[in-house]
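**Q** This is what each chain is made of:
2 protein chains.
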Amino acid sequence: MKKGKGMQGPLSGITILDMSRVLAGPFCTMVLSELGARVIKAEIPPAGDDSRQFGPFVEGKSAYFMSLNRGKESICIDLKEPGERKLFEKLLAGSDVLVENFRPGTLAKLGYDWESLHAAYPRLVYAALSGFGHTGPKSDMPAYDLVIQAMGGIMSITGYPGNPPTRVGSSMGDITAGLFTSTGICAALRHREISGQGMMIDVSMLDCQVAILENAIARYAAEGISPGPLGARHPSITPFDVYATGDGYMVICAGNQNLFAKLCRTLGRDELIKDKRFANNDLRTSNQAALKQEMESTLRSQGNAHWLDLLGQKGIPCGPINNLEGVLNDPQVNARNMLVEALDPTAGKVRMAGNPIKMSCFEDPPERRPAPDLDQSRQDILDLLRKKA
Amino acid sequence: MKKGKGMQGPLSGITILDMSRVLAGPFCTMVLSELGARVIKAEIPPAGDDSRQFGPFVEGKSAYFMSLNRGKESICIDLKEPGERKLFEKLLAGSDVLVENFRPGTLAKLGYDWESLHAAYPRLVYAALSGFGHTGPKSDMPAYDLVIQAMGGIMSITGYPGNPPTRVGSSMGDITAGLFTSTGICAALRHREISGQGMMIDVSMLDCQVAILENAIARYAAEGISPGPLGARHPSITPFDVYATGDGYMVICAGNQNLFAKLCRTLGRDELIKDKRFANNDLRTSNQAALKQEMESTLRSQGNAHWLDLLGQKGIPCGPINNLEGVLNDPQVNARNMLVEALDPTAGKVRMAGNPIKMSCFEDPPERRPAPDLDQSRQDILDLLRKKA
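Protein sequences appear in the order of chains W and V.
Residues in the first sequence are numbered from -11 upward in steps of one, following the working numbering.
Residues in the second sequence are numbered from -11 upward in steps of one, following the working numbering.
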């Protein structure tokens, strides 16, 4: 790829002025960058995005920062300096989207509230991402992913009963908010093509957690009972769980009558098909612990590889529980170009997750441009502004 | 809201022909419906979407189905019947987007491969969602959320060390795929406004899991070591974990020096600030178990309410670990209209999660139209097609 040239995609031609830091906002703008948008990362001096200091490091550079900010441009802007404010306003005039994830009110205090922005730049789409949103009694509260996961309910349904509460190992509070925001921004851009008007999008991490509770919320709404954690099993389909084998664990999902019978035969346990305790899915779910014990007594006789191969051949949905090494070496993951590389001038080749949105009319290249150093793109950006003026 | 009239939003005027079932696809089209798209759910007779049979039930109707399909229209279409194929093709001609989550190849076998679709309907956006994607050696494998969570790595970093593998309690395999697809569809619609051409979007649930591994993938790429589960704590920031109080658990995130000192003072444990074991974040992380013990010895003296109030007043990021009842009664969640209602003619008032994408130029009404019964909208849809012809 040529230097200074972004990915080609459905958002080619769109410029995003990105004041967001750490994860939720940068994840959102990374997704948009993968779809072809130009992302100008406006960072606050002297240190810029906090996540530049987050480990692990490669040759002194944050691998975390590099993966989330590949292909973006960086310029330092101090919104308290009049000269810099002018520059910021020029950038706004040349941008299609402004993204930020400050505490609500931060940008407004600097004079950039939505009403003023909309009056000055009527076509600008403004996406504000925050822990609790720009309205409501908790709007001002500080938020981290762990706080949002805790308050949003997902921790109450994750983990094993009797254990302390368990956090989802990936920052789902940030990531789902980033994804709802990327959807909202693209929809707002489509609306702008038709109406000529931008809009403000206000996304709260807590709201997004409520939006992903799916069957837990349906259960509570229907039955008035708060569901608890179930380890790895399905609340109403059995067998659908993690099972111990001779050398580890695997998952098996064989909920319907047909698949259950096939599973029993494949395990050489035909008698389980006619076992009264397991005669239908409801009974299997009521007696799930007993069924698990029966299954594991056979599964423990061989290792994962044996069972994955055998069950896979019979078309019984199952899978290994991959650690990162397993995931990144999976032939399917590699065939789908889900590991891409950027060549960083200091850190060398950096591997990172690719773009899961595969499009028929755009390439999915195996390389990305690296993440920018702090303020690295200032001159290019100033030159471009001068040319436009 | 008037019958037959969808939500107003940035996608108003867009029609989605939705052949998807269960969760990933219906979640995606629900998000688009909340943004104003009209969603016509084309269901396969005789039973339609499998999730119509998924509990819990209210007056015989699935609460799960009703929440995911609110505001959509339903028509039964048997693609093996010539007459129905003609109807399907008329619907395609009148639609902007086709969404499906069949096993790859299913629609192509029926004559509706991408090349044929694109030739016949050049402006159509076709989104195919599947477990493993339309390419690669595992493309044909059957997938459920549990299989995808297991193979995609998130289970290897979720849960407590030494426990059996833990599934994220909400179906993140389906939901993240739904969200990446909704982003891709909106971006493709923007591209179509400019180019006049539709495109195919091929989204794999497994790819999406790779795309959300964030700091785990950065760690593996940088250090070559697969990270394991950490319960609820942060790998490199301390204190940042779940802590036991007198009557339960709460989360506290006080990673930087300033917040840590404030926390110690608030707990009346000033001596911890000068304790050599906890002198900086790295030391606190190395000695996290000892620090947790010290903190909990104080936290256990009072209940959650006491500590949440006290720490909250001091601006120390913290929060309760809400179960569903707690989430749905949170004043912030309610102030943000994150619980909406649909009036189902059989089941009565059904409560469900609202739309987390709040937009300045569109209303966020507290009611939704109910989900359709199977084939309920046939006559309306046929009438509309006749009018158009």
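Simulated from the structure, these hints should not be mistaken for lab results.
Incorrect hints may have been included.
Each pair may be met inside one copy or between any two copies, as identical chains are not told apart.
[As the list claims (entries may be wrong)] Quick list of in silico lysine-lysine cross-link-like pairs, DSSO-like style, CA-CA up to 30 Å:
1. Lys68 to Lys78
2. Lys337 to Lys74
3. Lys262 to Lys280
**Q** Run through the hints listed earlier and report the numbers of any the structure violates, in increasing order.
**A** Structure breaks hint 2 only.
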